Amino acid sequence: MKNKSTIKTVLSYLKRYWFLIIVSLLFAAASVLLSLYIPIIIGDGIDLIIDTGKVDFDGLLPLLTNIGIIVVIVAVLQWLMNLINNRITYNVTKDIRNRAFDKIQKLPLSYIDLHPSGEVVNKIISDVDQFAEGLLMGFTQFFSGIVTIIATLVIMFVLSWKIALVVVVLTPLSLFVASFISKSTYSLFRRQSESKAEQTSVINEVLGNLKVVKAFSREDEELERFDKVNKKLEKVSRRAIFFSSLVNPTTRFVNALVYAGVALVGALLVINSDGQGALTVGVLSCFLSYATQYAKPFNEISGVVTELQNALACAKRVFDFTDEKEEDSDKGNPELSGCDGDIELSNVSFSYTPEKELIKDLNLKVMSGAHIAIVGPTGCGKTTLINLLMRFYDVNTGEILIEGQNIKEITRHSLRSSFGMVLQDTWLQNGTVRDNIALGKPDATDEEIIEASKAAHTHSFIKRLPQGYDTIIFDENSSLSQGQKQLLCIARIMLALPPMLILDEATSSIDTRTEIKIQKAFSTLMQGRTSFIVAHRLSTIKEADIILVMKDGNIIEMGNHEELLSQNGFYSHLYNSQFEPNEK
Amino acid sequence: MKRLLVYMKGYRKECVFAPTFKMLEALFELFVPLVVASIIDDGIANKDSTHVVQMCLLMVALGAIGLTCTLFAQYFSAKAACGFSARVRHSLFKHISFLSYSEIDTLGTSSLINRMTNDTNQVQTGINLTLRLFMRSPVIVFGALIMAIVVDPSFKASGIFIATIIALSLVVFGIMLITIPLYKKVQARLDTTLLSTRENLSGVRVIRAFSLEDKEKDKFHKKTDMLNKAQILVGRISALMNPFTFVIVNLSICFLIYKGALEVDSGNLTQGQVIALYNYMSQILIELVKLANLIITITKALASAKRIEDVFEIQPSQRVEKLDKDTSSDYSVEFKNASLKYKGAGECSLENIDFSVSKGEIVGIIGGTGSGKSSLVNMIARFYDAEDGAVFVDGQNVNSYELDQLREKIGIVPQKAVLFKGSIRDNMKWGDQNATDEEIIKALEIAQAKDVLDSKKGGLDFQIEEGGRNLSGGQRQRFTIARALVGKPEILILDDSSSALDYATDAKLRRALSQLDYNPTVFIVSQRTSSIAHADKIVVLDDGKIVGIGKHEDLLNSCLVYEEIYNSQFKREGM
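Order-wise, the sequence lines are chains A and B. Sequential numbering of the first sequence, starting at 1, is according to this note's numbering. Sequential numbering of the second sequence, starting at 1, is according to this note's numbering.
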């Protein structure tokens, strides 16, 4: 996405708020102009206070009243402007965030599988925040800054072009100094963040594996290693922090130069004005107060420009994400009707990347209620078939038919809800145990939930949790063992009772004794249900009607246990290598 | 914060100089309005151009001196802040590495890492800014007030100044007080949206399998709505800050000019002095806003400091106790009625464990998921303390050993095969700092890792990446076994550490282990009966209790649980 189209997208999000934006800009301009007018009135006022007995109270009082009125108006304008800006910023943030999150639900699985989740989370959380704050807040600051500079220049030139010239000549100095310093600190900051990253990786490694460190009593050695990077970081950050902290004092100094210049030229002009009223002390005081404020918008703008660039980069990342290609729409497709579990794969070919062909011309007919086992060494692509059946990925050529209906021509929802799936990577939602079990059947009664839970052998440990079924659990929660998590996922399926099953290493983390107990429940569940089972324990597989043997992504053998054994091929080799040593 | 201040020691000079120089800079700044007043009252009024030029040069000089002072101040504060945080990180790292397993469990690794990185950074920023600004802002605010009195001792300007300062402080700090907890709420709600994003990415298959997409969208939209409401509320309040301060300062200026006019009229003040007072008023506003920002940074830093202190406050719970030892014991390891209860757990994870192991014996520990196998072996190296009863190593209660001494006797191969960044040799030397290359290679041979070593470029010098991610699971596992063997431990513990090995390699490994010349006591934790069937003694655990001890054949006849485990792995295969 080019910058131009990024800006276009930004504008499309802002369109809803165009009226508020215009009002905000008008308010900003008005409040800047009015607040710049105040020093002029104060200057006029000071000119009325000349000396003992020479104070014009009649002229002074109305001026002061005017200031009072203007101040209140400016305050109200500023306040309203802030409210409007907040509303725009936070609403746009919300809009973009919602859009990005909705996108997750529509992305093809290939995107999610290929991109680390931290990256996507970063886009939705911090990039959106930075974009909103940087771009919207930055923009209003930028706008007010420009208005301030232009208005100040105009006023100064009108009041006295000679002093104005002094200011104009001196201010670039401030910009020059600021940009010089920030350029030289840039490389220091880069080195600091490199050092930080180095330290973080040591911290991650050691604290993340502290138990191993302790088991080998390596505390002292690791501390030494840490101290080395710690010292380095200390040195680098000291320099980075010091140099970056020079920006403000030096600009303050330049500002002092401007101030002195204004005072000098101004005072000399007043002295030499020969009473013609060309320049008064009041005007000088007015100039001085402009001079103190004048460098501020320049500094702000140079800060804002980098912030804007940064924000634009964030926006680009977010919009690139929301513009990702979605899964093909299945709107208007009919629901899958009357599913008994007849599945047919005809001439199916598939590969994740064009270079590496995986499944080629696969033909498979599965009768209702049949059990299909998929076996093969780790990393052979056993889950590929599941990805295709669930339409997490689409076949490249050929078709998958369920009850004679091409799965591409029915809704994904109806397809997926007819499968019950338990995966090796368990996933629990942040919520209660009850919610997690009832994920596939939200209207389940407590009795049904407990019954399913008993079938999956989870009831006894759930009962022992602090709040039983109402205990809140997280996926990352370590209070449940991997095996217990897997059992909970099985309980889900026991409750939902879909017509077809997919069990992907569903019991890999469960000890063999419990597994046997669950197996009984599984067999009841699988009775009459078409089931696909991925497992590395051949015992689970032996009784399957069809065994698909996979290697390097291809299906190399197909048949039932006896047939495959008699073929004396890869399956029989696999089978024998696993069980040979047990015979001793 | 108090506890952390110890680490400022040695930076006393910097801590005094940084604020002092900052204060000097502020003082020089405070003179500027007086100089301007002099330009107007002496220079302009007397048409004295030389005086004007002198005064302007004085202003430049004041600016230059101020700049120099700040340079010193910034340098000292950067030095103190970075030095301080480096020391805190050092001590924190050291402290954490001496905590015992149960404290690590309670705190959680990710929170410890966070405290080491983010929190120390936050404190560093806080200290840096405090040293730089904490003296400057009050000096300017109160200095301006004092200068106002200096300018005109008889005048009531000071009254206006005091009233303004109070009103401004009330507004600035009042708004801050109200908004800080609200910002916390915003942060908490942002965290929940983050959590739910992460959850949806990791659970994408399950969510789609159960067709929960729309439900998840609704849930997320509700969360962003809540976040939006919190943000707008806090925005509404903090939006008051600028307008309010603007009104207060400008109205006081009006009042000041009016009062000033009266004084000038009666000859108590000059025109230039009124301008000086006006300039002081503007300075106060700018500094108070800076001070408010500083206080926000400081609050954050204090919260971080508190989190760091919380870690420091946790003392390692394990103490070395003075206990009698039974030197005559033939037993390598004895469990005497030992129970283990994890912190915060309702029930014991191990109950009444009671058995003894002679020197050189091979012990198999078997049981289902969560039956307490790992917990049991963890007690031998005193990673966790017994709630009741005791564990003895070489006739001596483990609680009476120096931990280093105890763990030197024991070689552990943990469940999770982790290696560290560095060469293979570095990693192997964990077991014994002084191990020679021959000893290391011998250990690698026993661990069936010699062929892995030979396949790596550079041999022992091959660089392992962080966590060992440039090795496969099986390779890592064999290296961790070798690492434990390098130290020639008296007791070797294999905690389910052959899971990534195929059956043939596993068998070879077991054979090699049983032929070790130094004859260690070996504990093998496993779920596979095949891995432990040959052991001299098998301990069968179920739900934290021992349900059988004996040899394979005896247990098959006498222990129902063992029989079931065995059958689940063998009988069904019909072998």
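No lab work stands behind these hints: they were computed from the structure. These numbers were taken from a predicted model, which means no experiment stands behind them. Be aware that one or more of the hints could be misleading.
Only pairs whose alpha carbons sit at most 20 Å apart, straight line, appear in this in silico SDA-like list of lysine to any residue [what the hints assert, rightly or not]: (1) A/Lys211 - B/Lys222; (2) B/Lys217 - A/His457; (3) A/Lys106 - A/Leu83; (4) B/Lys217 - A/Trp427; (5) B/Lys300 - B/Lys416; (6) B/Lys409 - A/Arg218; (7) A/Lys520 - B/Lys222; (8) A/Lys211 - B/Thr109; (9) A/Lys211 - B/Asp426; (10) A/Lys103 - A/Lys331; (11) A/Lys211 - B/Lys416; (12) A/Lys441 - A/His457; (13) B/Lys306 - B/Thr109; (14) B/Lys217 - A/Ser117; (15) B/Lys259 - A/Leu345; (16) B/Lys222 - A/Gln429; (17) A/Lys54 - B/Asn268; (18) A/Lys196 - A/Phe243; (19) B/Lys343 - A/Ile473; (20) B/Lys421 - A/Asn209; (21) A/Lys231 - B/Arg236; (22) A/Lys196 - B/Lys222; (23) A/Lys211 - B/Lys184; (24) A/Lys231 - B/Arg87; (25) B/Lys217 - A/Ser195; (26) A/Lys4 - A/Thr306; (27) A/Lys106 - B/Lys222; (28) B/Lys184 - B/Arg236; (29) A/Lys228 - B/Lys343.
Listing some non-contacts, in silico: residues in chain A with all C-beta distances to chain B over 10 Å [said to hold, decoys possible]: (30) Lys15; (31) Ser182; (32) Glu194; (33) Thr322; (34) Asn406; (35) Ala535; (36) Gln567.
Positions of the beta carbon are idealized from the N, C-alpha and C atoms, including for glycine.
Now the hints, each set against the structure:
At most 20 Å may separate the alpha-carbon atoms for a hinted pair to count; A/Lys211 and B/Lys222 exceed this at roughly 41 Å. Between the alpha carbons of B/Lys217 and A/His457 the distance comes to roughly 32 Å, so the proposed pair goes past 20 Å and is violated. Taking the CA atoms of A/Lys106 and A/Leu83, the gap is about 35 Å. The hint is violated against a cut of 20 Å. As the CA atoms of B/Lys217 and A/Trp427 are separated by approximately 18 Å, the hinted pair is consistent with the 20 Å bound.
Distance check on the hinted pair: B/Lys300 and B/Lys416 sit about 37 Å apart at the alpha-carbon level, beyond 20 Å; violated. Between B/Lys409 and A/Arg218, the direct Cα distance comes to roughly 14 Å. Compliance with the 20 Å bound is thereby established for this hinted pair. Straight-line distance between C-alpha atoms of A/Lys520 and B/Lys222 comes to about 42 Å, which puts the hinted pair past the 20 Å bound. For the hint linking A/Lys211 to B/Thr109, the alpha-carbon distance of about 11 Å falls within 20 Å, and the restraint holds.
Taken as a hint, the A/Lys211 and B/Asp426 pair is honoured in the structure, with Cα atoms around 18 Å apart against an allowance of 20 Å. Between A/Lys103 and A/Lys331, the direct Cα distance comes to roughly 16 Å. Compliance with the 20 Å bound is thereby established for this hinted pair. With a C-alpha separation of about 10 Å, the suggested pair A/Lys211 and B/Lys416 falls inside the 20 Å cut-off, and the hint holds. A C-alpha spacing of about 19 Å is found between A/Lys441 and A/His457, which places the hinted pair at or below 20 Å, so the restraint holds.
For the proposed pair B/Lys306 and B/Thr109, the alpha carbon gap of about 18 Å is at most 20 Å, so the pair holds. Pair hint B/Lys217 plus A/Ser117 holds up; C-alpha atoms about 18 Å apart against a cutoff of 20 Å. This hinted pair does not check out: B/Lys259 and A/Leu345 have alpha carbons roughly 94 Å apart, beyond 20 Å. The hinted pair formed by B/Lys222 and A/Gln429 meets the criterion: a straight-line CA distance of about 17 Å does not exceed 20 Å.
A threshold of 20 Å between alpha carbons decides the hint, and for A/Lys54 with B/Asn268 the separation of about 13 Å falls inside it, so the pair holds. In summary, the hint linking A/Lys196 to A/Phe243 is supported, as the alpha carbons are separated by about 18 Å, within the 20 Å threshold. For the hint linking B/Lys343 to A/Ile473, the alpha-carbon distance of about 18 Å falls within 20 Å, and the restraint holds. For the given pair, B/Lys421 sits about 12 Å from A/Asn209 by alpha-carbon distance, which is consistent with the 20 Å threshold.
A threshold of 20 Å between alpha carbons decides the hint, and for A/Lys231 with B/Arg236 the separation of about 45 Å lies outside it, so the pair is violated. As the CA atoms of A/Lys196 and B/Lys222 are separated by approximately 37 Å, the hinted pair breaks the 20 Å bound. At most 20 Å may separate the alpha-carbon atoms for a hinted pair to count; A/Lys211 and B/Lys184 exceed this at roughly 34 Å. Between A/Lys231 and B/Arg87 the CA atoms are separated by roughly 9 Å; this keeps the pair inside 20 Å, and the hint holds.
At roughly 40 Å between alpha-carbon atoms, B/Lys217 and A/Ser195 are farther apart than 20 Å, so this suggested pair is violated. For the hint linking A/Lys4 to A/Thr306, the alpha-carbon distance of about 17 Å falls within 20 Å, and the restraint holds. Taking the CA atoms of A/Lys106 and B/Lys222, the gap is near 19 Å; set against the 20 Å cutoff, the hint holds. For the hint linking B/Lys184 to B/Arg236, the alpha-carbon distance of about 16 Å falls within 20 Å, and the restraint holds.
For the suggested pair A/Lys228 and B/Lys343, the alpha carbons sit about 35 Å apart, so the restraint of at most 20 Å is broken. Listed as outside the interface, A/Lys15 is consistent with that label: its C-beta sits roughly 19 Å from the nearest C-beta of chain B, beyond the 10 Å cut-off. No Cβ of chain B approaches the Cβ of A/Ser182 within 10 Å, the least distance being about 15 Å, so the stated non-interface status holds. The Cβ of A/Glu194 sits about 15 Å from the closest Cβ of chain B, beyond the 10 Å cut-off, so the non-interface label holds.
The non-interface label for A/Thr322 is consistent with chain B: the shortest C-beta to C-beta separation is roughly 14 Å, beyond 10 Å. Interface exclusion of A/Asn406 from chain B stands, the closest Cβ pair being 19 Å apart, more than 10 Å. Distance to chain B confirms A/Ala535 as a non-interface residue, since its nearest Cβ pair spans about 13 Å, more than 10 Å. Consistency note on A/Gln567: stated as away from chain B, and its beta-carbon is indeed over 10 Å from all of that chain's, at 19 Å minimum.
Hints 1, 2, 3, 5, 7, 15, 21, 22, 23, 25, 29 from the list above are not met by this structure, while the remaining hints are.
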